[in-house]
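K.L.:
What follows is each chain in one-letter form.
Protein chains: 2
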Amino acid sequence: MAGTNSERELLAEGPAIILVEPQLGENIGMVARAMANFGLAELRLVNPRDGWPSEKAQAAAAKADHVIEGTKVFATLEEAVADLNFVYATTARQRDGFKQVRSPVVAAETLRQRFVAGEKTGILFGRERWGLTNEEVALADEIVTFPVNPAFASLNIAQAVLLMSYEWMKSGMEDVAATPFQAVDQKPATKEQLFGFFEQIEEALDARNYFHPPTKVPKMIDNLRAVLSRPGFTEPEISVLRGVITSLDQFARRWKKGEAPAKQTGKGHGDGADEE
Amino acid sequence: MAGTNSERELLAEGPAIILVEPQLGENIGMVARAMANFGLAELRLVNPRDGWPSEKAQAAAAKADHVIEGTKVFATLEEAVADLNFVYATTARQRDGFKQVRSPVVAAETLRQRFVAGEKTGILFGRERWGLTNEEVALADEIVTFPVNPAFASLNIAQAVLLMSYEWMKSGMEDVAATPFQAVDQKPATKEQLFGFFEQIEEALDARNYFHPPTKVPKMIDNLRAVLSRPGFTEPEISVLRGVITSLDQFARRWKKGEAPAKQTGKGHGDGADEE
Chain A
1 MAGTNSEREL
11 LAEGPAIILV
21 EPQLGENIGM
31 VARAMANFGL
41 AELRLVNPRD
51 GWPSEKAQAA
61 AAKADHVIEG
71 TKVFATLEEA
81 VADLNFVYAT
91 TARQRDGFKQ
101 VRSPVVAAET
111 LRQRFVAGEK
121 TGILFGRERW
131 GLTNEEVALA
141 DEIVTFPVNP
151 AFASLNIAQA
161 VLLMSYEWMK
171 SGMEDVAATP
181 FQAVDQKPAT
191 KEQLFGFFEQ
201 IEEALDARNY
211 FHPPTKVPKM
221 IDNLRAVLSR
231 PGFTEPEISV
241 LRGVITSLDQ
251 FARRWKKGEA
261 PAKQTGKGHG
271 DGADEE
Chain B
1 MAGTNSEREL
11 LAEGPAIILV
21 EPQLGENIGM
31 VARAMANFGL
41 AELRLVNPRD
51 GWPSEKAQAA
61 AAKADHVIEG
71 TKVFATLEEA
81 VADLNFVYAT
91 TARQRDGFKQ
101 VRSPVVAAET
111 LRQRFVAGEK
121 TGILFGRERW
131 GLTNEEVALA
141 DEIVTFPVNP
151 AFASLNIAQA
161 VLLMSYEWMK
171 SGMEDVAATP
181 FQAVDQKPAT
191 KEQLFGFFEQ
201 IEEALDARNY
211 FHPPTKVPKM
221 IDNLRAVLSR
231 PGFTEPEISV
241 LRGVITSLDQ
251 FARRWKKGEA
261 PAKQTGKGHG
271 DGADEE
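Read top to bottom, the protein sequences are chains A and B. full-length UniProt numbering applies: residue 1 is where the first sequence begins, and numbers increase by one. full-length UniProt numbering applies: residue 1 is where the second sequence begins, and numbers increase by one.
Source of the hints: derived by calculation from the structure; they are not laboratory data. Keep in mind that the hints are not guaranteed to be accurate.
Identical chains blur together in the list; that is why a pair holds if it fits in one copy or across any two.
Each computed DSSO-like pair below joins lysine-lysine, with the alpha-carbon atoms no more than 30 angstroms apart [stated by the list, open to error]:
1) Lys191 <-> Lys99
2) Lys99 <-> Lys187
3) Lys191 <-> Lys219
Here the structure is a predicted model, which is why all the values come from computation and not from measurement.
Just need the whole structure built from these sequences, with the hints factored in.
P.N.:
Right under this line is the structure:
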């Protein structure tokens, strides 16, 4: 569930999100939530139709209280951007003006560079039904637009804010391949460990006359070792697999097929390395 | 407003989006809309709480009818992924298993490579309240997780689907800086055009004794030319500016300040290149 967690760092910096004449409190709340998800905090409203504060916005914000409480309301767009140095306008349609058009990735990188340089920036989002007027776009420095399905191009404002907020967050990462948590760190197996596993499984198979006829034995061993080599098993994975072979290597089943007294999950993953 | 447009290409390919035990029809509808926005079309539901079809989903889908109509329902996750070759599980929290954890960018690139190679792929999204179980995550090949504000980390499923769909769309672009439309193409000005503008403005200023005292004239001209050079004006921009100077260069105002008979916008942008 959504919520703030006082033990974890609360990111709250970066461009102001400026909603021009938003109509529904729910949308304002979802915008606040999207901003909070990706570390933005400064929300400005120009002439919101249903006034401010808004209970519907509060409810839809899913505890993004720091964004909702800090929201500022302005009578005009000119006042809302007065203290900013650089402003993007979001729009889904081509305008006649001279302004440069940027992708969200490029816009976020530009906003990040200006943020690092100490500039104040903002991003304009238009009304639910028809976006920004040409006069409003003209107040911005550049345009940002989203790469969308040509036949289904319209994003709602909460979605558009989510994507720009997400790109803002990514623009601050050294590496877009980084993740907030990683797989459990596993030591790669050594060749000795892999060969030990080959030896175990081949011995158990040999005891059951698997390698037959003798002329095919070298090829069978080749194939088996290729199958077991390709995944590049880690040390704990080899440990899991050796436990499986040890169990299968018992002389007889304890129960006949389909008669096990308790359900066996059949999923080896995550069973730990203590099976051998 | 959202809607399909038969004149424009409808993208409908790529990984299946698989919602495990979704509760609210509204969320399923918003997922369908997000998928349509970024060219995905194959929605699968595992055991949806309120059944299927859903009027609420249809309403929230904002005319993503091709997604809603093609939605398939499965009793179990195993059945829902049975025909797929490679599956990601989305999760916001670290799991104990051995699975690799990927960022959305890397996951989308992997899905794109597998799509190009003819594989069928899917992405799992968990329940609204508590996501996917460990057993469900275990059915996937790898994990994908989002870079979020540590203190405000929870995305709703429509937001999570939106981000993965957006990254899927971007993974098919040659250049993430590309935009669906561009600024009006403008010829860069030649130096001759720039120098002609210098000459015009300097002559008009000289006629008003702007360049004063004589010892400072070279520095004043240097500074003025530096200000006018830095923006790298295009040919139509120079044309607009020459029109402005021509107008200002009239000997007298036609009306006193504040007495203009009609409001002047004062915004030179976008006024066209026919002013000179």
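K.L.:
Pop the pair Lys99 and Lys187 into one bin, within, between, both or neither, using alpha-carbon distances up to 30 angstroms.
P.N.:
Only across copies: Lys99 and Lys187 sit 14 angstroms apart there, 53 angstroms inside one copy, limit 30 angstroms.
K.L.:
If the cut is 30 angstroms between Cα atoms, do Lys191 and Lys99 qualify within a copy, between copies, both or neither?
P.N.:
between (60 angstroms within a copy, 22 angstroms between copies)
K.L.:
Cα distance capped at 30 angstroms. Does Lys191 pair with Lys219 within a copy, between copies, both, or neither?
P.N.:
So Lys191 and Lys219 pass the 30 angstroms test inside one copy only (21 angstroms; across, 75 angstroms).
The structure shown violates none of the earlier numbered hints.
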